[in-house]
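Asks: Residue-level listing of the chains:
Number of protein chains: 2
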Amino acid sequence: MDTPATLVDRALSTLRRVVIEGVTPEVDAGRFAIKRCVGDRVRVQADVFADGHDQLCARLLFRRAEESDWQESPMLLIENDRWEGEFEVGELGRYVYTIMGWVDAYGTWAADLAKRAKAGADISVDALRGVELLQVARDRAKGADRQELAYAAERLRELARGNPNVAVDFAQSDELKELTNRNRDFTQDTRYERELPVVVDPPRARFGAWYEMFPRSCTTDAKRPGTFRDCATRLAYVASMGFDVLYLAPIHPIGLTERKGKNNSLTPAADDVGSPWAIGGTEGGHKSIHPQLGTLEDLKGLQRQARDLGLEVALDIAYQCSPDHPYVKEHREWFRERPDGTVQYAENPPKKYQDIYPFDFESKHAAELWEELKSIVVYWAEQGFRIFRVDNPHTKPFAFWEWLISDVKRDYPDVILLSEAFTRPRVMYQLAKLGFTQSYTYFAWKNTSAELTEYFTEMTQTPVREFFRPNLWPNTPDILNEYLQKGGRPAFAARFILAATLGASYGIYGPAFELYENRPIEAGSEEYLNSEKYEVRVWDTNNPNSLKDLITRVNAIRKASAALHGDWTLRFHPVDNEQLIAYSKVSEDFSDMILVVVNLDPRNRQSGWVSVALKDLKLGENQAYQVHDLLTDARYVWHGSINFVQLDPSILPAHIFRVHPIG
Amino acid sequence: MDTPATLVDRALSTLRRVVIEGVTPEVDAGRFAIKRCVGDRVRVQADVFADGHDQLCARLLFRRAEESDWQESPMLLIENDRWEGEFEVGELGRYVYTIMGWVDAYGTWAADLAKRAKAGADISVDALRGVELLQVARDRAKGADRQELAYAAERLRELARGNPNVAVDFAQSDELKELTNRNRDFTQDTRYERELPVVVDPPRARFGAWYEMFPRSCTTDAKRPGTFRDCATRLAYVASMGFDVLYLAPIHPIGLTERKGKNNSLTPAADDVGSPWAIGGTEGGHKSIHPQLGTLEDLKGLQRQARDLGLEVALDIAYQCSPDHPYVKEHREWFRERPDGTVQYAENPPKKYQDIYPFDFESKHAAELWEELKSIVVYWAEQGFRIFRVDNPHTKPFAFWEWLISDVKRDYPDVILLSEAFTRPRVMYQLAKLGFTQSYTYFAWKNTSAELTEYFTEMTQTPVREFFRPNLWPNTPDILNEYLQKGGRPAFAARFILAATLGASYGIYGPAFELYENRPIEAGSEEYLNSEKYEVRVWDTNNPNSLKDLITRVNAIRKASAALHGDWTLRFHPVDNEQLIAYSKVSEDFSDMILVVVNLDPRNRQSGWVSVALKDLKLGENQAYQVHDLLTDARYVWHGSINFVQLDPSILPAHIFRVHPIG
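Heads up: the protein sequence lines correspond to chains A and B, in order.
Sequence positions in the first sequence follow this note's numbering and run 1 to 663.
Sequence positions in the second sequence follow this note's numbering and run 1 to 663.
Errors might be hidden in some of the hints.
A pair holds if it fits inside one copy or across any two, identical chains being indistinguishable in the list.
What the hints assert, rightly or not - Dumping the calculated DSS-like pairs for lysine-lysine here, alpha-carbon to alpha-carbon at most 30 Å:
#, residue 1, residue 2
1, Lys618, Lys115
2, Lys300, Lys115
3, Lys118, Lys351
4, Lys374, Lys364
5, Lys352, Lys364
6, Lys559, Lys548
7, Lys177, Lys364
8, Lys177, Lys300
9, Lys352, Lys118
Everything labelled a hint here was simulated from the structure, so no lab data went into it.
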């Protein structure tokens, strides 16, 4: 805290009259970065004001973090001491920004002079004050500025004597205002006390459709697990549906000790394949590939083929070991010992997971452990992979992630890390603040209109959106929610459309999803019966009832609609039937406007009146507009706010309208 | 910004797993103090969480700013990682507080052990982990703690072997949890990164009724201005109405040069008395007393008499000079010169105020100027005055006020400074943040139910309340609003009751107020006709139609009602007639509950249905309760939320109900 003495000194030595506060965006007083994508404009607002009524100037300062010179961008007064400016982040990596402001003495004087002249006052003495201000600026200036200011001072003095009206006009020139401000007393500038960081990611960080699959299930015979080479066919299938990211369940050797059998059995059969998250065996660990899948070259081949089809392959990072992982022998010190001398396995008392050994992040050898764990991401990045889904990050220390992610992104600023944390809200948000590019959400458990509206308003309309990028999954290998279990195909269709339109980033775990696999292992559980986590599954992707065509259509709509490439314009529109939900997204220039209506009831036809929030779509009070259903190609003309909708889930549970204003 | 290298070091050297963020209250990341009064409890909340699922402990740390040792107070988990604690501020001056948290390794283990035992697991090995934890704590401990921990470790080991169930119970003891936490590894504690300041003021800073008057008008003959001695009678009158603070318009010598005449005339008569805000004459300046009022001794006598009647005298601080102020001759360097060599007078172009010279706070001699200005407050503080109303603080630099107030309050922590700034919202809030104890508000211009509800919700239910204490004035010598001009006596009565019940602190400018003086100098102006600013006014305080009795009654109600001693419990209750407004305040323990209903229409009887927000008054859904009108002594029994009211402004424009739950 300042002592009164230092305060006197500071207050008197240079009197910075301008206050800058209330800066947005700003995460936790600048402790964490905001997130943007390459090409975005960062819009910054602040309260900038001083005592009295003088005119002020404000500038937005920004630079790439590794550069030292600031660039400047103007800030303009919006209203009531609130100012706004913006800058573009054109490159990957980190930027910082801050704000400066100062009292515009010359501009204040010039405006006052005009007021006085307008009121018919004698301005001869007042005009001389302007001469003084120009002379003071002249004394500070160099070169051409100095000459110009000297000339202007003389000219103003002459005009004040002979031709006051012309003097007033002369004084107002933008050039003089520019000149005096450029040669002001910089020691009196107020600089905002913090420099605020920005992380700039590739566009895929904001927009993309993910498809998760188990490569070993790319087979027509469960006894013969699929290889990377077998995945080629599945690759074309996934690409044909319009997905952007193909995320593979872990591809590493799987332990034998304590291996789980089918349906999580503790007594596996000899040919049971085990969970790919039980990482590590005699064949190697996190940097090795399961021999049944193929070689590193096969994986790279898959990656090449995928890229040719517009698909990016994402890998899984799960920092845990099977008891057979080489680390367990070679680096026993990275694990905690139990009092009986055995390695401490994972637990959630009273449950025990003897097949998984967690690392001891607090061990005395944490430095080596942390470096090794980082080297796993670096290794796969060196192999050309850029997208990673990170398993259970909330069970590792926050400081570990902050260090790992910032370090990896220094060399690979285009890396995308998806945080698979399903835990308490503050922990999920903290992981996002620390650097995870995207995050799983509670979407799978938000099924009613009220729940969806509240949750998505929080994620898209509050400061949370500055650091937390949702990636919506209606299902995962761990999550088959009750709504899907009980609602059958219409439920899958509805949840798919919600995920793909509420979220610019979303994903499904397939082919279980499009084949609406909905059998739980037991009533009340969200685990799949015959889960792929523990066995090879053969999928009939040619099933004529598959959701494949709907998915293909929706992904095509997403790609063609700029409105659906981001989440920040999401707005909900009231419907008088709570089984229906309506929401819109628009492109930045409002040239593309999407209005989605979904029937959340998978069993019954539902109808109701939507109250379109016309302002959110820049529509007039009684304006007519066409709503064009991009799913069915049907077109309707709507008028004003209140309009009727009816949706039969057995046919199609949603409209995805493009809105065209008429006239 | 941290480089990755320093981050590795920090992350690894000590691993502080607990995160502390989202601390409330906190003003601008701790840049400014929150405000409290002596005896208040400061309730602090924070998000406190770690990775994983371990149990945590959190403590609130606090101390007087000038002391170095922290005191501790427990924090408890409310829900979802949000913790709360509180501490009392028992003394005037400054306090600071912060938060610390840590992972409770022993507590986590003990809880897990209980879960395992309940599930029937063999806990013999798990129990030994507890022995290890006790031993580690023992190795850190000294004295009795060391012995106790050593004993506990041995005892646990024995029980684990022979009597596991008893071991589980033994492990749960609060004493062991206390012992292990007291002897934890303190290097792993997380300390919140900021220490947050509190300013503690006297209770009068929160609750008080102010009465402003011009002492020279305490006379029965306008030709013979009143003296401090003449004020004795008026003193008894003000005290009899139940006021707490008597605020005197400036009492200093008044300049002759450019003196204003009656009704702000530029051509004064020889006997015109001038504006008391044109401070300074041949008789002296800001530390002198106008000879026509009396001597310093007379003033001190007035102060003594006032205190005997329960009234505290407040003085006016207006940092500006008449052209005749001694400073103008002696310290010409404290003023700005115009290019023609004259002193720069006050302006609001095109308006000119040649009778007022502002100080040049940016002059090269600002250091001496600032010290001198501070010495004025100190001088009057030395004379025993503690309450000051500060004129137009928004036209002086913010840094000046921050320095002056913090410096004065170091020696006089019981000083109360009321900021008379009527300017843009952010400037008003900034002055409050910088240290002003109380602030004038926009109350005078908030006349409709919607305006009042919005404005008072902002001031009492948002973080603004942490630093901004409103003091509500229905009128001042500068403000006679249109509502009062046109609404006559009923309008004055309604605005009075609003001020006195919406605001724990309020004031009126009298006797103009209670005699409902409502003539403006011209239509559209808020200036009084025959304003006391420029002439002596004789007031008939015995006028039988005076609002004196209503004021007396309301001030008595205020004093007797704990609910009205603060603003934070203010809640509005909807009424189906917008001419009526209803709101409540409650005491901390809900033993005193006040519900006010005001008819805002000064001309017509209005009736409507109030929807009492029952929860805010801790009333049940269909509960009966008595509402006792403290103004008329009438009593009604109400049931549930919806109840009927009717108010005739020609009789009384408001109910002030005390609410008594029945049964």
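Asks: If you test the structure against every hint from before, which numbers come out violated?
Replies: Of the numbered hints given earlier, those the structure breaks are 1, 2 and 8, listed in rising order.
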